[in-house]
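Here is how the chains run, residue by residue.
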Amino acid sequence: GESVGLHLPTLSVQEGDNSIINCAYSNSASDYFIWYKQESGKGPQFIIDIRSNMDKRQGQRVTVLLNKTVKHLSLQIAATQPGDSAVYFCAENYNQGGKLIFGQGTELSVKP
Amino acid sequence: ETGVTQSPTHLIKTRGQQVTLRCSSQSGHNTVSWYQQALGQGPQFIFQYYREEENGRGNFPPRFSGLQFPNYSSELNVNALELDDSALYLCASRRLDVGETQYFGPGTRLLVL
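The listed protein sequences correspond, in order, to chains D and B. All residue numbers for the first sequence refer to our numbering, where the first residue is 1 and numbers rise by one. All residue numbers for the second sequence refer to our numbering, where the first residue is 1 and numbers rise by one.
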């Protein structure tokens, strides 16, 4: 069935280190990908997105890499801070439809 | 904050009852989508509304229905509640003609006993 999967369910890093969260998607026709951050008791918060005609996009302290050959997406967080602790979801979208397909999520824990 | 609000924040119902959840979209957003998020899982798409009509639906039975109003606010209705309907219900809004980015509200936590 449809799925966007994450390789690691949990990730623990030291404050100041870089974090990398990985994601595999299944629909080769997907053309838009988003990373969301969800803190406990809150809704998903948009972090960064990327279209399928790009392979890298940078934001403030975050970078998303897209490898369409192997249907892989990653989120890199530079200088991880305790406030980055949350569950991170990747999601895929096709042809501007409203249906986002989410994975299970990776819980990022940042140790001070 | 995304500007998307939902009410109520928490709700407890019993099996067989009906529930209505509400969402107020971000200003200028004409499209709203609803998602169900079970504990420990990613959100699952229920349906999307644009111009007050449903224009996309996920794998949810007809007892999940919705409405979108002229001011773009929205309701999710669930009839004949089942225990498995216990979840966090999220709405997300966007401008269909601008791009795909969906902005989520804080969700309504529904518990069915």
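Do not rely on the hints blindly, as some may be mistaken.
Said to hold, decoys possible - Cut-off 35 Å, straight-line C-alpha distance, at most; resulting in silico cross-link-like pairs (DSBU-like, lysine-lysine):
| hint | chain 1 | residue 1 | chain 2 | residue 2 |
| --- | --- | --- | --- | --- |
| 1 | B | K13 | D | K71 |
| 2 | D | K68 | D | K111 |
| 3 | B | K13 | D | K42 |
Simulated from the structure, these hints should not be mistaken for lab results. All values derive from a computational prediction rather than experimental measurement.
Each hint tested on the structure:
Distance check on the hinted pair: K13/B and K71/D sit about 41 Å apart at the alpha-carbon level, beyond 35 Å; violated. About 33 Å separates the Cα atoms of K68/D and K111/D, which keeps this hinted pair within 35 Å; it holds. Annotation: proposed proximity of K13/B to K42/D holds, straight-line Cα distance about 21 Å (limit 35 Å).
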